[in-house]
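The task is simple: from the sequences and hints, build the whole structure.
Chains as they are written, first to last, in our numbering: chain H, 1462 to 1802; chain A, 1462 to 1802; chain R, 1462 to 1802; chain F, 1462 to 1802.
FYI, nobody ran anything at the bench for these hints, they're computed from the structure.
Note that the coordinates shown come from a computational prediction; the quantities given were computed from them, not determined experimentally.
Some clues are possibly wrong.
No distinction is drawn between identical chains; accordingly, a pair holds when it is met within one copy or between any pair of copies.
Using 27 angstroms as the maximum straight-line C-alpha spacing, the simulated DSSO-like pairs for lysine-lysine come out as follows [to be verified]:
#1 K1613 - K1667
#2 K1725 - K1741
#3 K1494 - K1725
#4 K1637 - K1532
#5 K1641 - K1481
#6 K1535 - K1620
#7 K1692 - K1680
#8 K1482 - K1741
#9 K1786 - K1725
#10 K1474 - K1725
#11 K1741 - K1474
#12 K1581 - K1692
#13 K1613 - K1786
#14 K1637 - K1613
#15 K1680 - K1572
#16 K1532 - K1583
#17 K1725 - K1532
#18 K1741 - K1535
#19 K1613 - K1583
#20 K1667 - K1535
#21 K1637 - K1494
#22 K1692 - K1474
#23 K1581 - K1620
#24 K1725 - K1559
#25 K1535 - K1725
#26 K1725 - K1583
#27 K1559 - K1482
#28 K1535 - K1494
#29 K1494 - K1474
Protein chains: 4
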Amino acid sequence: MDIIVLNPGATEKEFRHILKKLESRGLQANISKGTERTIIGVIGDTSKITEEEENAIRVMPGVEDVMRILKPYKLASREFRAESTIINIRGNRIGGRKIQVIAGPCAVENKTILMNIAEKVKEAGATFIRGGAFKPRTSPYSFQGLGEEGLKYLAAVRKKTGLPVVTELMDPRDMKVISKYADIIQIGARNMQNFRLLLEVGTSGKPILLKRGLSATIKEWLMAAEYVMSKGNQNVILCERGIRTFETATRNTLDLSAVPVLKKLTHLPVVVDPSHGVGKWDLVAPMAKAAVAAGADGLVIEVHTNPAEALSDGEQSLRPDDFMKLMRELKPIAAAVGREI
Amino acid sequence: MDIIVLNPGATEKEFRHILKKLESRGLQANISKGTERTIIGVIGDTSKITEEEENAIRVMPGVEDVMRILKPYKLASREFRAESTIINIRGNRIGGRKIQVIAGPCAVENKTILMNIAEKVKEAGATFIRGGAFKPRTSPYSFQGLGEEGLKYLAAVRKKTGLPVVTELMDPRDMKVISKYADIIQIGARNMQNFRLLLEVGTSGKPILLKRGLSATIKEWLMAAEYVMSKGNQNVILCERGIRTFETATRNTLDLSAVPVLKKLTHLPVVVDPSHGVGKWDLVAPMAKAAVAAGADGLVIEVHTNPAEALSDGEQSLRPDDFMKLMRELKPIAAAVGREI
Amino acid sequence: MDIIVLNPGATEKEFRHILKKLESRGLQANISKGTERTIIGVIGDTSKITEEEENAIRVMPGVEDVMRILKPYKLASREFRAESTIINIRGNRIGGRKIQVIAGPCAVENKTILMNIAEKVKEAGATFIRGGAFKPRTSPYSFQGLGEEGLKYLAAVRKKTGLPVVTELMDPRDMKVISKYADIIQIGARNMQNFRLLLEVGTSGKPILLKRGLSATIKEWLMAAEYVMSKGNQNVILCERGIRTFETATRNTLDLSAVPVLKKLTHLPVVVDPSHGVGKWDLVAPMAKAAVAAGADGLVIEVHTNPAEALSDGEQSLRPDDFMKLMRELKPIAAAVGREI
Amino acid sequence: MDIIVLNPGATEKEFRHILKKLESRGLQANISKGTERTIIGVIGDTSKITEEEENAIRVMPGVEDVMRILKPYKLASREFRAESTIINIRGNRIGGRKIQVIAGPCAVENKTILMNIAEKVKEAGATFIRGGAFKPRTSPYSFQGLGEEGLKYLAAVRKKTGLPVVTELMDPRDMKVISKYADIIQIGARNMQNFRLLLEVGTSGKPILLKRGLSATIKEWLMAAEYVMSKGNQNVILCERGIRTFETATRNTLDLSAVPVLKKLTHLPVVVDPSHGVGKWDLVAPMAKAAVAAGADGLVIEVHTNPAEALSDGEQSLRPDDFMKLMRELKPIAAAVGREI
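Here it is in structure tokens:
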């Protein structure tokens, strides 16, 4: 809280009451009396003023509005750390010059299919394998994932291909088992404000892929990263995956402008998931290219050898051939923005 | 999945392949050849077709679109159960003729304040006490609740006032401790699609107050209820608390039309939380009245004896006097729609 | 523009350049140097600073943000005029104690049907007849209205029933013909920011029913009213009719909280159109009741004797019997909020 | 309208009544009786069924829902015309291999500034000059444009530089004067559903740059194009410029996925305006690159020699140097997607 705007009708008594409140918190007030409003600039270490105190001041008699100038997140901000964060995972540097590609099926279904997909995406140039063992599904009657069995398949794939594993955690009680197998722990869009889960992965020692919530503002998203970082885990990767809007032609609206916006606000790496963003496989390639052109540090792409039989999200999965073609086409775009892939 | 629309250019072979797929699932096809499109009506027990299979058909060659006629939720639907559900909690019947009012502070802060608020809201006619002991906060640096200490204060309040207790569960690991004290377990908006938490409370034996997610459609909300009900817990109360839109004049946009829409689609009781819906105390009273007029079975209202010192959401809390005035003003509106309060 | 926030890295030279700019505009600066930001409070008659100048300052080197404290609308604001505006149209006072009901078909189709509807809604208690002679339709192949012929039917209805006429203007070239027949000129949601049309009706001498745009904020809506008022026409009636959100269970999301928000911000009367807001006839009655409970000054309701044959919006029209029942049910709700109907 | 879903409780009489209605329109019915619903597939030339008739059937007793299979637009659809439309304007082919760049100030302010900007953008490779002579502004107190004077300056610029002119039409009464000077007539976002204006430019004989409305779905946007085309003008260029969402970090949310979606649905050229899309000059370059990578046929970019003194939208204007740098950087991206710039 940095600026307090008074009501045009605020009384002298109300005014003094507010000043006293600030004083009691060790803050000074700089008063600007305009022709129509009086404004109080709050001077001192306002970063210690909590959201609660800000709201309390907002309801004091005589107050019209309170405006906070400082950003509510600290550790995640570029002001706190000017240099871009690079996260090194088994030699793959997320946030560095090379664009990292996390590819694989939506859900882990069986070992053979997964291995097959993994070998194909590796050949095409992917640098991470992804696949859900615990799946958040809108219906309780849908396939919910293979659980630890699926995690074992992912580990087997890593052993054979060398690709590090990205997989989702949905429940704090699964932290141990996920940590045993994952190289990067994914927090899904629906859990972006599951604050307990965020605190939990803050102590995991693993890099976190934090997907943007369906209706999360960029500020709220950075606050979610701040939750993880406040527990000591500075390795957070932000993943834009589309927001909910009125448009129904695509599954979500991929907000690519979030990429340059985040590059200004935070030092954390930013990746884009065009598969969930658009929800239709034939729109994935153009949006993957656009994401790289906009400055993304990486891509998350769903690939399946047989989309028509996939147990989850087949509609938005690329076939290995299409994925390989896309990887080839991304090369000159990455080069055009001073990156490689 | 009930209707399959073919591409104008679908080949005979693709067409036969789709028919074979349906046959293999024990389903029959009724074919309508129009001038511009061929449509397949799928006959048989299509409710057994999973979302996965639906998506798989959607990506088969020759298919343009797949439309599901049946609703994806069952136990929650009015078709499954025509009679409105009434949930009896210590004699207070939610969903009955009497409008239930759940009132109290956003967060439990200390025993004296809570008791004071509880006695005042009881006197005014509230039938439940609410208060968070575990608080979801957008900032990790904000007050996160008193934990079990707060639950004990709520129980003490119940003992003294007789008001049953509504409090939020954020983490499956807190289920035991919450169940020990709560009469109704609240699932907050940010956890509406925390599917593990939903399954957990499905086995709790306690009625669930399920808040609508910030960007949840009514269908997704009913699917979340279905998660709880699929575990055997039929006592779900739906709570409209505002959705996220482009408008910033209010904290959220309270979607009161959800009340009559839900009354058609489901047999579950529907309550409205105008405090979170609008986020400003002086808008709460008109929206509470509107909610009752629209047919809500209950209200959730934040009340605090000293909003300017509240540790959470002071901005939207009513003072006890304003709450008492509101309760008086609600009486003739309830009567006008054939209810009492 | 009242507050200028400087970049943490703003130089002394940039700072002085900004101060000089303010001086050149006859404004004074009150400087608050905080620990992390410097803030300039601008003192003087800032209402004369245009949006252009505000934006110009925003891009000056050293400026991080510019915040405007004063509202951008003046004539429409409650601060400009504390007393609520009442608009008297042939004895019906919009904004007074009595809730006004504007009823009728979406489009004027033929004289007999219109007269029949008008007589029925009058009998039920409606105080205005509505009907479109010029219709905005999403498809160029849909019925576009009868034009002046339709206006003549409306005038005939007024002559027989005494109900004043509300009808929409879509094109500045139709101002003359519409003015000849209408008592209130409606500006539709899609034209809320058709600024030329707003200026045109600002000189019409007729009261204006200004519908909220599908994605208009309350502030933009008041700016649209300001356009009309800036030309000398103070008789603007604001009509909430639903905004566009992600929810598809209703045609739009009726934002009833706009009613109490507007009552604080403006002195203009506020009416609600639940028919367009929800788009389904069986949701109209509960939302009409909710609108009155929320404090609306009037209702706009579509009524048709034969919705299944209506040339426009049959889906959301009430039959005369249902309308009569609704009018009866609204009486005790109006009484409960100190109004009559 | 192609599919009618009956209520589970529809009576035999209601069913026969619906069939008779279809018959009376020369349509046949193909009936699918499922276990839980009966579905009627409507066969025949359903494209002649108007929206009104569709709505009328929707409210017939026994009907639960009506689903339209065919798209409501025809002339704009790829099915109607498979080959992509290329619009040739003084030798610049919009929709061809070369990406067209429309650059210039938001508003025409004076002749010298405009000429200066035009010469600089031409040098950098722009192929069209843009500038508003009639400006839609949210405030009636803001600069509204120079009118015909501004158009004359644009014509002078064209004479000197050879750049064809793009300028906005806001009012049907200005059609003649705009047509006298413009090479492309722009319809702004706020007028996308100003249907009278659309019909007017349908007879103008000039190519139309049709900006997407702030809350327009892609389908509604194509319907707006259909309005223009229904009057005989097939030269419509669609311009994505951001939609309104809950996110406030950018002025609008630029929906780049609209580009590949449109490329499937329509043969019309698609251009992108990143300046309005993001509203901040330093986000324009990454989003311009992303737009080209996503497959856009052109760009609309605001350029001003002195953004801090611009009378409109200075905040989002590039300086000529930045624009020149961007044009250079776009070259390899255009090449990567098989285009040139």
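Hints versus structure:
Taking the closest pair of Cα atoms, K1613 and K1667 come within 27 angstroms of each other only inside a single copy of the chain (18 angstroms); across copies the shortest separation is 36 angstroms, beyond that limit. For the identical chains of this complex, K1725 and K1741 are inter-copy neighbours only, at 12 angstroms across copies versus 30 angstroms inside a copy, given an alpha-carbon limit of 27 angstroms. Proximity of K1494 to K1725 under the C-alpha cut-off of 27 angstroms is restricted to the inter-copy arrangement: shortest distance 24 angstroms between copies versus 34 angstroms within a copy. Taking CA atoms no more than 27 angstroms apart as the test, K1637 paired with K1532 passes in neither setting, with 34 angstroms inside one copy and 37 angstroms between copies.
In this assembly of identical chains, the alpha carbons of K1641 and K1481 never lie at most 27 angstroms apart, being 54 angstroms within a copy and 43 angstroms across copies at closest. Taking the shortest alpha-carbon separations for K1535 and K1620, neither the intra-copy value of 38 angstroms nor the inter-copy value of 43 angstroms comes in at or below 27 angstroms. For the identical chains of this complex, K1692 and K1680 are intra-copy neighbours only, at 19 angstroms inside a copy versus 36 angstroms across copies, given an alpha-carbon limit of 27 angstroms. When the C-alpha separation of K1482 and K1741 is checked against a cutoff of 27 angstroms, the pair qualifies only between copies, where the shortest distance is 22 angstroms, while the shortest distance within a copy is 55 angstroms.
Taking the shortest Cα distances, K1786 and K1725 sit within 27 angstroms of each other only across copies (20 angstroms), while inside one copy they are farther apart (32 angstroms). In this assembly of identical chains, the alpha carbons of K1474 and K1725 lie at most 27 angstroms apart only when taken from different copies (24 angstroms versus 43 angstroms within one copy). For the homomeric pair K1741 and K1474, the shortest alpha-carbon distance between copies (24 angstroms) is at most 27 angstroms, but the shortest distance inside one copy (62 angstroms) is not. Proximity of K1581 to K1692 under the C-alpha cut-off of 27 angstroms is found in neither arrangement, the shortest distances being 37 angstroms within a copy and 40 angstroms between copies.
For a Cα distance limit of 27 angstroms, the shortest separation of K1613 from K1786 qualifies neither inside one copy, at 30 angstroms, nor across copies, at 50 angstroms. In the homo-oligomer, the alpha carbons of K1637 and K1613 lie at most 27 angstroms apart inside one protomer (14 angstroms), although the nearest pairing across protomers, at 31 angstroms, exceeds that limit. Within a single copy, K1680 and K1572 get their C-alpha atoms no closer than 39 angstroms, and across copies no closer than 34 angstroms, so neither meets the 27 angstroms cut-off. For the identical chains of this complex, K1532 and K1583 are neighbours neither inside a copy (40 angstroms) nor across copies (40 angstroms), given an alpha-carbon limit of 27 angstroms.
In this homomeric assembly, K1725 and K1532 come within 27 angstroms of each other (Cα to Cα) only inside a single copy, at 13 angstroms, whereas the closest approach across copies is 30 angstroms. For the identical chains of this complex, K1741 and K1535 are inter-copy neighbours only, at 23 angstroms across copies versus 37 angstroms inside a copy, given an alpha-carbon limit of 27 angstroms. With identical chains, the CA atoms of K1613 and K1583 are at most 27 angstroms apart within one copy only, with a shortest distance of 19 angstroms there and 55 angstroms across copies. When the C-alpha separation of K1667 and K1535 is checked against a cutoff of 27 angstroms, the pair qualifies only within one copy, where the shortest distance is 21 angstroms, while the shortest distance between copies is 40 angstroms.
Taking the shortest alpha-carbon separations for K1637 and K1494, neither the intra-copy value of 58 angstroms nor the inter-copy value of 49 angstroms comes in at or below 27 angstroms. In this assembly of identical chains, the alpha carbons of K1692 and K1474 never lie at most 27 angstroms apart, being 43 angstroms within a copy and 41 angstroms across copies at closest. Taking CA atoms no more than 27 angstroms apart as the test, K1581 paired with K1620 passes inside one copy only; the shortest distance there is 15 angstroms, against 57 angstroms between copies. Taking CA atoms no more than 27 angstroms apart as the test, K1725 paired with K1559 passes inside one copy only; the shortest distance there is 20 angstroms, against 32 angstroms between copies.
Within a single copy, K1535 and K1725 get their C-alpha atoms as close as 14 angstroms, which meets the 27 angstroms cut-off; across copies the closest is 36 angstroms, which misses it. For a Cα distance limit of 27 angstroms, the shortest separation of K1725 from K1583 qualifies neither inside one copy, at 32 angstroms, nor across copies, at 30 angstroms. For a Cα distance limit of 27 angstroms, the shortest separation of K1559 from K1482 qualifies neither inside one copy, at 52 angstroms, nor across copies, at 44 angstroms. Taking the shortest alpha-carbon separations for K1535 and K1494, only the inter-copy value of 20 angstroms comes in at or below 27 angstroms, while the best intra-copy value is 32 angstroms.
Taking the shortest Cα distances, K1494 and K1474 sit within 27 angstroms of each other both inside one copy (16 angstroms) and across copies (26 angstroms).
In terms of the numbered hints stated before, the structure departs from hints 4, 5, 6, 12, 13, 15, 16, 21, 22, 26, 27, listed from lowest to highest.
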